[in-house]
Amino acid sequence: MTDGAGRFESAVAAGVLASEEQFARLLRSIVEVARAIFGAKASSVFLFDTEADELVFAAVAGDEEQHLVGRRMPSSKGIAGWVLSSRTPLVLDDVQKDPRHARDVAASTGYVPKGMMAVPLLDDEEVLGVLQVLDRPQRSRFSLQEMDLLGMFANQAAIALSLLMSARRARQALEGAGDTAAVAKLAAAVEALEGARRESATSLISDLARVLGP
Amino acid sequence: MIEFLAHAAAEDDDEHEDEEDLPAWSLPKTAADRISIDNPLPERVDKEWALGGATGKGVKVCILDSGVEFGHPLVGDLAGAVAITLDEDGDPVAEEDTEGDLCGHGTACAGVVRSIAPEAEIYSVRVLGAGFSGSGPVLLAGLRWAVSQGYDVVNMSLSTTKRQFGEVLHELADNAYFRGTMLVASAHNMPVESYPWRFSSVLSVGSHEEDDPLLYFANPDPPVEFFARGVDVEVAWIGGESITATGNSFATPCISGITALVLSKHPGLTPFQVKTVLYLTSANVGGSR
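Protein chains in written order, with this note's numbering: chain A, 1 to 214; chain B, 1 to 289.
The shape of chain B in the complex, shown without the other chains (with noise of 0.2 Å):
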């Protein structure tokens, strides 16, 4: 068992408090010099600038899903796997995961993420398994997991309709946006109310229908913000194989690995910046078809 995950709320972020020198909450006036930020960003930003020769290198993608099915040819090494499941008080822990994928899903977007980033270090957090009464309370932990883990960009080509999970899910969205974990949500394909996707601190992903992985539109009509590639994708699948797919969960992990990919070439970006990034190198924004 690797760690506990019984608390409820997020957990605050303690790493700025020994930063003392750091204004938290107001400036004064003698502090303002002492913020001083570089623009990591050019006069222009273009896809050459944002991601041209990336590859990924040195950026951490986490895989929240079904779990990726270990060493397959499309998705390679895994640099960590764990699988969230309820322990016998119905705490979620998070153990090793020796399984790998239960349905095929989570490989298929950590393959879509190779396939774009392919130094990227991919990490596997499995939150399917745990029946389904446990699905709420596993993709919360799940969550919780990847965001206190650090990991650069977490993909998360799934949501609930749970009005309940709603609230949490969206204190663990902000709290990622604030630590520089970049959440990348799949949109729902269908017209219902669901989370995390919704929230403005994650990046929202649904389909356009071109065969470029690398092509992505930025939506002047938000909540969903970015269209990528998500019909007829050729992607890895359980026993080594792959198959074609259609859904936002595929169009995802184009962004999560073009998110990768800017990371790499420009650490350091914060959330904020890598939309601003992605909106500025959209197709219909800015960037080259």
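Excised from the complex, chain A in its bound form (with noise of 0.2 Å):
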């Protein structure tokens, strides 16, 4: 890659698309936020993919679990399952005595929590996957304090998940194939040359602008 296709790469990078290391950031500051906020062992995000109709174990926080991070399960059973398709949030003690969910969980966290809340990540009218917050403090009863707060709170995460979920899906698309990815490889080559052959090119890609333009 030449410098002037970098050039073009980072400015599109700075002002317009979120890099898959920021959203990489931005999940495992989720789960480290919701962790902290309510004092929790552990927190995870499962983000909905919609095409394999499966949720996929995005992030976690709180646990050495790091290479579990990628794993899928069905998008329709189990807790997390549940709170995707009802679109609501739950918080359960006990879960361990839950025999299928005990496998689930362990099977994708490997760590089965006493107590969860999980809550579903609405973006408008779509669910963008679920977070879940693992083994609070049972210092009390739990209130509906903390049920708003943990709905705020995704709420938020949701609203920063689809900013970048959106910048993610258009830079894959200039990555890729399609019209949208043609002018941007065109774009990148013109930025690629120097001196009198980008100026031949520029002034070519100006001519097709006057023969294309109104």
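Some hints here could point you the wrong way.
So the derived label-pair ranges between C-beta atoms look like this [to be verified]:
#1 Gly76/B - Gly39/A: 37 to 43 Å
#2 Gly58/B - Gly70/A: 50 to 56 Å
#3 Asp89/B - Glu126/A: 23 to 29 Å
#4 Gly80/B - Gly70/A: 39 to 45 Å
#5 Gly39/A - Pro73/B: 30 to 36 Å
#6 Asp211/B - Ile37/A: 25 to 31 Å
Bear in mind the hints are in silico, worked out from the structure with no lab data behind them. Idealized CB from N, CA, C, for every residue including glycine.
Given two chains presented individually in distinct reference frames, assemble the corresponding complex, making use of the accompanying hints.
Here is the structure:
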């Protein structure tokens, strides 16, 4: 890759489009803040893959289970599946008594929590995934205030996620096939040229624009 | 396969067509004496009148949810169970449910109803398991099925945020209301638009923090209309277990169970009358705490 193409890409990335790294940092931040708000042992987020109809384990905070990121599970089973489908938060204690849940969660997180809060990440009428907060301290009974806080935080997280997901889709479109990608590649190629060749190319594109223009 | 559910619109209520003596759209002078209705409500409606000594006997309560575990000790026998799925053409079908509960949530709701109305007939209509993309059509088909079965109470501890389903849900909710099926729907725990709980033809339920399952409050500031026990509730869960749960999901079957008590003691009350009775017997209105 030449400097010119690099400039194009960095300009695009800085001005418009989020990077994979930013996306991962946001997910990580969401689970870390969720864990901190509730003083919980762990927190994780599942993103919904609409094409595969699966929940993808996207980030975790609190345990040494980073290697599990990327694991998948069916979208309509278990507690996370119910929260996704019903778009309704759930707060459960003693979930380790649920044999199916214990097996599923152990497979996806390597750890079976005693208590869990699960809340949908809702962006307007779409559901982006499910945020889970595991094993908050059992110091007192649960309060409706905590439920409100869970919902408000999930909403904020969903807004941030939605923005970055749109940018991510746009960048994937630019990198992939299609008209937008062709234009981006042309722009990158022109950026990469120098001197007279670059002037010729710019002139050619200007002529093309005149011919195609109104 | 029990029945195809492919048609999209809410079905019309054909039952009234046979009752040609009853005026449907207007009231001629000569017909006024033929529509005399005995007022089933006493001068003073209190909780003892409304549900004292009631068991839910003879009342059909449907749990529209993730299924209900067969033989759970806190639920007991089910009067029936169907699963709504999509066929190869994507049309919804209702089949006898052989899988039970895919999550635990439906069993929890059924257990709450059973704990309040021990003799109610509990039916399960499972609307989870057809994959996420099918969840909207399956929910609509499940509700349509439940309304067509003539259940007295349908517990919906779930909602959809999809506006495209809102209109049909609204039709179905109104249809249920006019047919005498009380839809009891969970209000959303989050500040989002979702359906059907916002419709005035359903009973919408949020949570209070007290421990009494028979304690309920009327909300002077709807759309959430009633508050019932929804925090740290011991509920039935899959594997014959019970766990502690919080959410409007669990307050909703409290009101479903209480509605079953009222209907078992006073069969034939319309959803409008049931709502009035619940309002008059709410702890913050006239009921005793």
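- Which numbered conditions among the earlier hints are violated in the structure presented, ordered from lowest to highest? Hint check: nothing fails, all pass.
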